[in-house]
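2 protein chains.
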Amino acid sequence: MPESKPPRTLKHATLERLMHYYHYIGEQIAQQSMGTVSSSEIAKLLDTDDTVVRKDMAAIGVRGYPRVGFKADEVLAAIRDVLGFDNAYRAIIIGAGRLGSALASYPGFSRYGLRIDALLDSDPSRAGAIEGGVEVRPLDELESIIEAHNVGLAILTVPAEAAQPLADRMVNAGLRAIWNFAPTSLVVPSGVLVRHEHISVGLAELAYHLNRRDTKEASE
Amino acid sequence: MPESKPPRTLKHATLERLMHYYHYIGEQIAQQSMGTVSSSEIAKLLDTDDTVVRKDMAAIGVRGYPRVGFKADEVLAAIRDVLGFDNAYRAIIIGAGRLGSALASYPGFSRYGLRIDALLDSDPSRAGAIEGGVEVRPLDELESIIEAHNVGLAILTVPAEAAQPLADRMVNAGLRAIWNFAPTSLVVPSGVLVRHEHISVGLAELAYHLNRRDTKEASE
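Chains A and B supply the protein sequences, listed in that same order.
What the first sequence shows, in the numbering used here, is residues 2 to 221, in sequence order.
What the second sequence shows, in the numbering used here, is residues 2 to 221, in sequence order.
Okay, chain A solo, but in the shape it has when bound (with noise of 0.2 Å):
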């Protein structure tokens, strides 16, 4: 067994601000090539806390300079390293309509390591089109392209109802992760992971500061 870092286990939470963090000092340092960056600076950036960074950052093991703050390039490294951007990984999109159209023709995934491999459809018509470079397949090859690709992710754009079936399938034929944007909760034995994104959630902040704003004009 090789010598290894005792394995951590970070939290969901953790994990989308460490994606916001790269971001962050990614966007700060390409603009204006600052090689340093504070605890205090990301937490204003982000609308958090210092010491929240500082955890995170600890939890990822990067150390702070006394009177500097953090090394703009250790904190990318490591936010590389535990997310596995450096390590490529296939995906399939399941569901050739708009969004997974637009998901395919995305040119930002391949800086997280993701690769889409194929875009899935049940309409056996769309078989060859290519959208953002990526083929159409039918959906029958579905077992067969992900065992032949070591497929380990699948964004599945389907509607609500084709869902857990497709999911069912696809845990059968050895797929660990799915980025689920149906309208539907999925069920899947342990081990399987499955992120559900709601596109209306960012919502949610939006439509209560134009509700409150409505409900103050009104009331003056």
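Since the hints were made in silico from the structure, they are not lab data.
Be aware that a few hints might be false.
For identical chains, the list gives no copy identity; a pair is met inside one copy or between any two copies.
As the list claims (entries may be wrong) - Cut-off 25 Å, straight-line C-alpha distance, at most; resulting in silico cross-link-like pairs (BS3-like, lysine-lysine):
id, residue 1, residue 2
1, LYS12, LYS56
2, LYS72, LYS56
3, LYS45, LYS12
Add chain B to chain A, keeping to what the hints say.
Only chain B this time, still in chain A's reference frame:
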């Protein structure tokens, strides 16, 4: 001045949880015609703690009943009220590319009070096309559309370099909230809310899961 509850300011994370409660309780009711739900059931579904659920319910004025929990219809009504789902508000989408068109076609927004009035694009040859029932308009109509329709929210799906100049124009025209899907930060005056949607945030958790599995298998 009409009688009203004292204004409460709910935080970002609370608002996101409210949207998740709304989805899960809504789904469960649809599937099982369940009339009540306990804080621990909700907490389990959302992988959080039941004290968090009880605090959130108190913050939106929902009371629990002994040995029963919360009445599902009361929770849903309180969330609709706080987030203003029944006060229709007008939105536009800027950028009629794949993502903009996918969002224009999303049938679920109306359930949250969101009405998409127009889809604007910088390519004048796109004007007049219909995407998801919404007409594409040329970008030089931006200010007149915001003013004529009393638009509160803009959904920005443009390239990074186009985002800030558009945000400036929209804020000058009276816009109060931006849902930013462009891969860059925006600077806006206080009183205008920007929600920056990083599609890649969802990937953090999935990449971590896949990376840990691979690391474990490699060291076995």
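Are any of the numbered hints broken by this structure? If so, which, sorted upward?
Checked against the structure, no hint fails, so every one of them is satisfied.
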